[in-house]
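Protein chains: 2
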Amino acid sequence: MWKPDRSRKTPIYQQIADYMEHRISFGEFPPGSLLPSERKLADELRVNRSTVVAAYEELRSLGILVSSKGSGTLVTNYNKGNAASLTPNWKEYVNGGNFLPNLPFIRRIREELRKKTDMIDFASGELSPDLFPNEVVRELLQKHPFQEQLGYDDPQGYSQLRETLVSFLEHHLHIHSTESSILITSGSQQSLYLILQCLLNPGDAVAIEDPSYCYSLPMFQSAGLRLFRLPLDEHGIDPKELIALYRKHKIRMIFLNPNFQNPTGHVMPLDRKLKLLEIASELGIPIVEDDTFTLTAFDGNPPPTLKSLDKNNNVLYVGSLSKIASSGLRIGWLIAPQTVISRLTDARQQMDFGLSNIPQWIANHFIKEGHLDRQIQFLREELVKKRDEFIRGFDDILADELTYSLPQGGLTFWCKINSAVDDFKLIEEATKRGVIFVPGSVYGSSKGCIRLSFARPQFEEILPGLRQLALALEACRK
Amino acid sequence: MWKPDRSRKTPIYQQIADYMEHRISFGEFPPGSLLPSERKLADELRVNRSTVVAAYEELRSLGILVSSKGSGTLVTNYNKGNAASLTPNWKEYVNGGNFLPNLPFIRRIREELRKKTDMIDFASGELSPDLFPNEVVRELLQKHPFQEQLGYDDPQGYSQLRETLVSFLEHHLHIHSTESSILITSGSQQSLYLILQCLLNPGDAVAIEDPSYCYSLPMFQSAGLRLFRLPLDEHGIDPKELIALYRKHKIRMIFLNPNFQNPTGHVMPLDRKLKLLEIASELGIPIVEDDTFTLTAFDGNPPPTLKSLDKNNNVLYVGSLSKIASSGLRIGWLIAPQTVISRLTDARQQMDFGLSNIPQWIANHFIKEGHLDRQIQFLREELVKKRDEFIRGFDDILADELTYSLPQGGLTFWCKINSAVDDFKLIEEATKRGVIFVPGSVYGSSKGCIRLSFARPQFEEILPGLRQLALALEACRK
Numbered sequence: 001m002w003k004p005d006r007s008r009k010t011p012i013y014q015q016i017a018d019y020m021e022h023r024i025s026f027g028e029f030p031p032g033s034l035l036p037s038e039r040k041l042a043d044e045l046r047v048n049r050s051t052v053v054a055a056y057e058e059l060r061s062l063g064i065l066v067s068s069k070g071s072g073t074l075v076t077n078y079n080k081g082n083a084a085s086l087t088p089n090w091k092e093y094v095n096g097g098n099f100l101p102n103l104p105f106i107r108r109i110r111e112e113l114r115k116k117t118d119m120i121d122f123a124s125g126e127l128s129p130d131l132f133p134n135e136v137v138r139e140l141l142q143k144h145p146f147q148e149q150l151g152y153d154d155p156q157g158y159s160q161l162r163e164t165l166v167s168f169l170e171h172h173l174h175i176h177s178t179e180s181s182i183l184i185t186s187g188s189q190q191s192l193y194l195i196l197q198c199l200l201n202p203g204d205a206v207a208i209e210d211p212s213y214c215y216s217l218p219m220f221q222s223a224g225l226r227l228f229r230l231p232l233d234e235h236g237i238d239p240k241e242l243i244a245l246y247r248k249h250k251i252r253m254i255f256l257n258p259n260f261q262n263p264t265g266h267v268m269p270l271d272r273k274l275k276l277l278e279i280a281s282e283l284g285i286p287i288v289e290d291d292t293f294t295l296t297a298f299d300g301n302p303p304p305t306l307k308s309l310d311k312n313n314n315v316l317y318v319g320s321l322s323k324i325a326s327s328g329l330r331i332g333w334l335i336a337p338q339t340v341i342s343r344l345t346d347a348r349q350q351m352d353f354g355l356s357n358i359p360q361w362i363a364n365h366f367i368k369e370g371h372l373d374r375q376i377q378f379l380r381e382e383l384v385k386k387r388d389e390f391i392r393g394f395d396d397i398l399a400d401e402l403t404y405s406l407p408q409g410g411l412t413f414w415c416k417i418n419s420a421v422d423d424f425k426l427i428e429e430a431t432k433r434g435v436i437f438v439p440g441s442v443y444g445s446s447k448g449c450i451r452l453s454f455a456r457p458q459f460e461e462i463l464p465g466l467r468q469l470a471l472a473l474e475a476c477r478k
Numbered sequence: 001m002w003k004p005d006r007s008r009k010t011p012i013y014q015q016i017a018d019y020m021e022h023r024i025s026f027g028e029f030p031p032g033s034l035l036p037s038e039r040k041l042a043d044e045l046r047v048n049r050s051t052v053v054a055a056y057e058e059l060r061s062l063g064i065l066v067s068s069k070g071s072g073t074l075v076t077n078y079n080k081g082n083a084a085s086l087t088p089n090w091k092e093y094v095n096g097g098n099f100l101p102n103l104p105f106i107r108r109i110r111e112e113l114r115k116k117t118d119m120i121d122f123a124s125g126e127l128s129p130d131l132f133p134n135e136v137v138r139e140l141l142q143k144h145p146f147q148e149q150l151g152y153d154d155p156q157g158y159s160q161l162r163e164t165l166v167s168f169l170e171h172h173l174h175i176h177s178t179e180s181s182i183l184i185t186s187g188s189q190q191s192l193y194l195i196l197q198c199l200l201n202p203g204d205a206v207a208i209e210d211p212s213y214c215y216s217l218p219m220f221q222s223a224g225l226r227l228f229r230l231p232l233d234e235h236g237i238d239p240k241e242l243i244a245l246y247r248k249h250k251i252r253m254i255f256l257n258p259n260f261q262n263p264t265g266h267v268m269p270l271d272r273k274l275k276l277l278e279i280a281s282e283l284g285i286p287i288v289e290d291d292t293f294t295l296t297a298f299d300g301n302p303p304p305t306l307k308s309l310d311k312n313n314n315v316l317y318v319g320s321l322s323k324i325a326s327s328g329l330r331i332g333w334l335i336a337p338q339t340v341i342s343r344l345t346d347a348r349q350q351m352d353f354g355l356s357n358i359p360q361w362i363a364n365h366f367i368k369e370g371h372l373d374r375q376i377q378f379l380r381e382e383l384v385k386k387r388d389e390f391i392r393g394f395d396d397i398l399a400d401e402l403t404y405s406l407p408q409g410g411l412t413f414w415c416k417i418n419s420a421v422d423d424f425k426l427i428e429e430a431t432k433r434g435v436i437f438v439p440g441s442v443y444g445s446s447k448g449c450i451r452l453s454f455a456r457p458q459f460e461e462i463l464p465g466l467r468q469l470a471l472a473l474e475a476c477r478k
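Chains A and B are the protein sequences, given in the same order.
Numbered by full-length UniProt numbering, the letters in the first sequence go through residues 1 to 478 in order.
Numbered by full-length UniProt numbering, the letters in the second sequence go through residues 1 to 478 in order.
Heads up, a few of these hints could be off.
What the hints assert, rightly or not - Using 27 Å as the maximum straight-line C-alpha spacing, the simulated BS3-like pairs for lysine-lysine come out as follows:
id: 1; chain 1: A; residue 1: K248; chain 2: B; residue 2: K91
id: 2; chain 1: A; residue 1: K91; chain 2: B; residue 2: K248
id: 3; chain 1: A; residue 1: K115; chain 2: A; residue 2: K69
id: 4; chain 1: A; residue 1: K368; chain 2: B; residue 2: K3
id: 5; chain 1: B; residue 1: K115; chain 2: B; residue 2: K3
id: 6; chain 1: B; residue 1: K3; chain 2: B; residue 2: K432
id: 7; chain 1: A; residue 1: K311; chain 2: B; residue 2: K478
id: 8; chain 1: B; residue 1: K40; chain 2: B; residue 2: K116
id: 9; chain 1: B; residue 1: K143; chain 2: A; residue 2: K91
id: 10; chain 1: B; residue 1: K275; chain 2: A; residue 2: K91
id: 11; chain 1: A; residue 1: K425; chain 2: A; residue 2: K385
id: 12; chain 1: A; residue 1: K91; chain 2: B; residue 2: K311
id: 13; chain 1: B; residue 1: K368; chain 2: A; residue 2: K3
id: 14; chain 1: A; residue 1: K416; chain 2: A; residue 2: K478
id: 15; chain 1: A; residue 1: K368; chain 2: B; residue 2: K143
id: 16; chain 1: A; residue 1: K116; chain 2: A; residue 2: K40
id: 17; chain 1: A; residue 1: K115; chain 2: A; residue 2: K432
id: 18; chain 1: A; residue 1: K40; chain 2: A; residue 2: K9
id: 19; chain 1: A; residue 1: K447; chain 2: A; residue 2: K240
id: 20; chain 1: B; residue 1: K416; chain 2: B; residue 2: K447
id: 21; chain 1: A; residue 1: K143; chain 2: B; residue 2: K275
id: 22; chain 1: A; residue 1: K40; chain 2: A; residue 2: K425
id: 23; chain 1: B; residue 1: K91; chain 2: A; residue 2: K250
id: 24; chain 1: A; residue 1: K275; chain 2: B; residue 2: K91
id: 25; chain 1: B; residue 1: K143; chain 2: A; residue 2: K143
Simulated from the structure, these hints should not be mistaken for laboratory data.
All chains, full assembly: derive it from the sequences and hints.
Structure, rendered in structure tokens:
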């Protein structure tokens, strides 16, 4: 991104005025557009707010901008000889359509992270960059000449990768599948989006764990579904609750994350899994199993997945490389009966004409040559180190403040705050102190909880981050 | 894909029975599912239909399948001790949701091409594999070590690629843009999908050229839009028609493909482009310019794009590498005002969490190091050779049958059939003879036309394909 050049003779404010005029004249901000606020632009360009004020003042004096209290700084119709010319009312257009915007908390967190690159990030439920297999991917690219076609690939995904996944999932997770029952997607997000868009209709009732990361995804709301909550105890949901919910609301689908659940980290025990499958099968309801974290099991013994226990084909199985190897490859998979796979494949073609085969070709080599096995081994060790550093910090710094459950897999801690604290206030005080995380309310009804990612921060950031969190909690209680 | 092994002692029909039982028991075809028809499976596995009949008979005798006239071959509830167990009614689920299936003609064409790999393909509007820069991409991958992060990339797209595109588009097409007004997409399909989903609402009226490839995309229908036709003459649409259409139906957006239009190949002359922009600007209507083919201009002088003439920011510009370099990289771009780009970026995140940066990183090197320039030069020469071979064929073989207009760019011929012929019959007769193309009705109201891709077939397939087409036409007239 452009930044002002401090070595040039032109004053910084003038450089910014020129830069914004360029963006305006090149159509990025048509007449009537709102410019970024002075504060926001100053943050982005790393300059004082007063410098941006001077730049905007320059453009106002040229008649390009106009500012008013309350409605911000707008681009004028400065270059119009012809008064009849209208720019489309873009603001009205972008308010149309099907996608609701992200939750305010999520937007806030993303903005803070983008703005302040030195923020200690306990918010992102993903690996820190040093935990990605960067070196291995580089080597794979050098070692294997790319011999595949550069044309459209099989819409269901690169067939060699599907074959490799059949063996991998059989071997590690005892999941039976066939090449033709797998759809390669760009990750769990796309798998869920396709399921919501193709298999459900607006008004349909679905059951979701409470808390669940699903509540943080606007796509569930955008699809016009009625969401019903299945409360979690420390062993996941109680399968019997499903029967009552089904009778009352005619539940059409269940979304579950049974192993190392996001956000709670809970694992559903085998007896509940079996009971759940029995009930779902009696009622004929499909279960969407999001199985992102099972392979991270720190003790090396992944708990069984619903899919591996599924005798009646009730489970649509969603997996991905994003949280265990690389989010940047954008590789996930969905296992389902043929009729579902065909429908979703056709819909995906209509959305984006399928995935590039290059990341799929890399993923195939990565899994087939045993790199994923080694990555998971490496990850378990590194994640345990970070988790344990958090525990040291909890015990030393936050012993009276938080109650946590010990994660045996996954990437996050789920903590209960012992005193009553307002979510908004806490985030405010924490970001002020350079640390950020996700308030529990984002994941459903549970107040007074927070989710802390131990995978994302660097090891040496953990204790300083927890110290700032303690100070933020203290400030909230004042 | 699996094929029976003729060297094994197990009879072929038994191998097929075992293979299908495996797929059934692994959940690909749950109880109640419809199996592929005997004819279809025989085609896929390249065996006689009677072999599949024997295989299905074997599974029927085991109680796994049941067949009935009219409803095909279904999987039974063969492994159920518990009569209460229900598989979800997948058939009902896949009928839900927002995506309409593809047009029957399009499905038919895809199926024929999948089934018979020796079919001469005049249908696919894309490059033949030898026209892709396979060697260059292989070399780029070997030459540049991949140093980028494997984490989530900028949701708007890899920033170096956006920078490179700003210069490329400025230099070749005189399009002014800024890095932050570009969204990298997986191709024109995704760009259009995002525009339809985010900027329009069901019931909105949009204007589309007639004929246009847009009518072949079910996403326009799926979005619940009202489509109004702007008829084309040999110079594209008449801009004045837009005024009447706007007054009558309150058109909210216009979809145009002004240069080497798909399917007609027409180029809109400069005066019409200027008039259209003037009218759109007076009415305040956005124009979506699909600019897939401009750079193919065979004479080396690309006609001006609407975007380069657009003074009032009415144009949303859609481009891609798919038709000129590689459909397999899945790289396209959209240029729009900031407010539109932010909205579409956010929605794309919700759909698929963004693109892998690896193909974007390759595309950046490809464009920046001048390979795209060389590719376009190469492509122009090769496409002209193929086009001229078609012309030879038209003159020698089909002179009395077809009237065509001479394409000066793009990948396809648009031909009028001189005698009255039924579309369905013609496709039937042509595929029987091993040649396939797209009937004009797929692209809108025009009957009696066909689109022939000269880019897709191999040079030496062109005359034999046209000879078969002539025979098919003859058969239709009988």
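Status of each hint after checking the structure:
1. Note on K248 of chain A and K91 of chain B: the hinted pairing holds, with a Cα-Cα distance of about 24 Å set against a maximum of 27 Å.
2. Between K91 of chain A and K248 of chain B, the direct Cα distance comes to roughly 24 Å. Compliance with the 27 Å bound is thereby established for this hinted pair.
3. This hinted pair checks out: K115 of chain A and K69 of chain A have alpha carbons roughly 25 Å apart, not beyond 27 Å.
4. The hinted pair formed by K368 of chain A and K3 of chain B meets the criterion: a straight-line CA distance of about 22 Å does not exceed 27 Å.
5. Between K115 of chain B and K3 of chain B the alpha-carbon distance is near 14 Å, which keeps this suggested pair within the 27 Å criterion.
6. Among the hinted pairs, K3 of chain B with K432 of chain B is consistent with the structure: their alpha-carbon atoms are about 24 Å apart, no more than 27 Å.
7. For the hint linking K311 of chain A to K478 of chain B, the alpha-carbon distance of about 57 Å lies beyond 27 Å, and the restraint is violated.
8. Straight-line distance between C-alpha atoms of K40 of chain B and K116 of chain B comes to about 12 Å, which keeps the hinted pair within the 27 Å bound.
9. For the given pair, K143 of chain B sits about 45 Å from K91 of chain A by alpha-carbon distance, which is inconsistent with the 27 Å threshold.
10. About 25 Å separates the Cα atoms of K275 of chain B and K91 of chain A, which keeps this hinted pair within 27 Å; it holds.
11. Distance hint between K425 of chain A and K385 of chain A is unfulfilled; the C-alpha atoms sit about 31 Å from each other, more than 27 Å.
12. The straight-line distance between the Cα atoms of K91 of chain A and K311 of chain B is roughly 19 Å, inside the 27 Å bound, and the hint therefore holds.
13. Taking the CA atoms of K368 of chain B and K3 of chain A, the gap is near 22 Å; set against the 27 Å cutoff, the hint holds.
14. With a C-alpha separation of about 19 Å, the suggested pair K416 of chain A and K478 of chain A falls inside the 27 Å cut-off, and the hint holds.
15. Restraint check for K368 of chain A and K143 of chain B: the C-alpha separation of about 24 Å stays at or below 27 Å, so the hint holds.
16. Between K116 of chain A and K40 of chain A the alpha-carbon distance is near 12 Å, which keeps this suggested pair within the 27 Å criterion.
17. Between K115 of chain A and K432 of chain A the CA atoms are separated by roughly 12 Å; this keeps the pair inside 27 Å, and the hint holds.
18. A C-alpha spacing of about 25 Å is found between K40 of chain A and K9 of chain A, which places the hinted pair at or below 27 Å, so the restraint holds.
19. For the hint pairing K447 of chain A with K240 of chain A, the CA-to-CA distance comes to about 25 Å; that is within 27 Å, so the pair holds.
20. This hinted pair checks out: K416 of chain B and K447 of chain B have alpha carbons roughly 9 Å apart, not beyond 27 Å.
21. Taken as a hint, the K143 of chain A and K275 of chain B pair is broken in the structure, with Cα atoms around 55 Å apart against an allowance of 27 Å.
22. A hinted pair counts as satisfied when its Cα atoms are at most 27 Å apart, and K40 of chain A with K425 of chain A qualifies at roughly 21 Å.
23. For the proposed pair K91 of chain B and K250 of chain A, the alpha carbon gap of about 18 Å is at most 27 Å, so the pair holds.
24. For the proposed pair K275 of chain A and K91 of chain B, the alpha carbon gap of about 25 Å is at most 27 Å, so the pair holds.
25. For a cut-off of 27 Å, the pair hint linking K143 of chain B to K143 of chain A stands: about 11 Å separates their Cα positions.
Checked against the numbered hints listed earlier, the structure breaks hints 7, 9, 11, 21; every other hint is satisfied.
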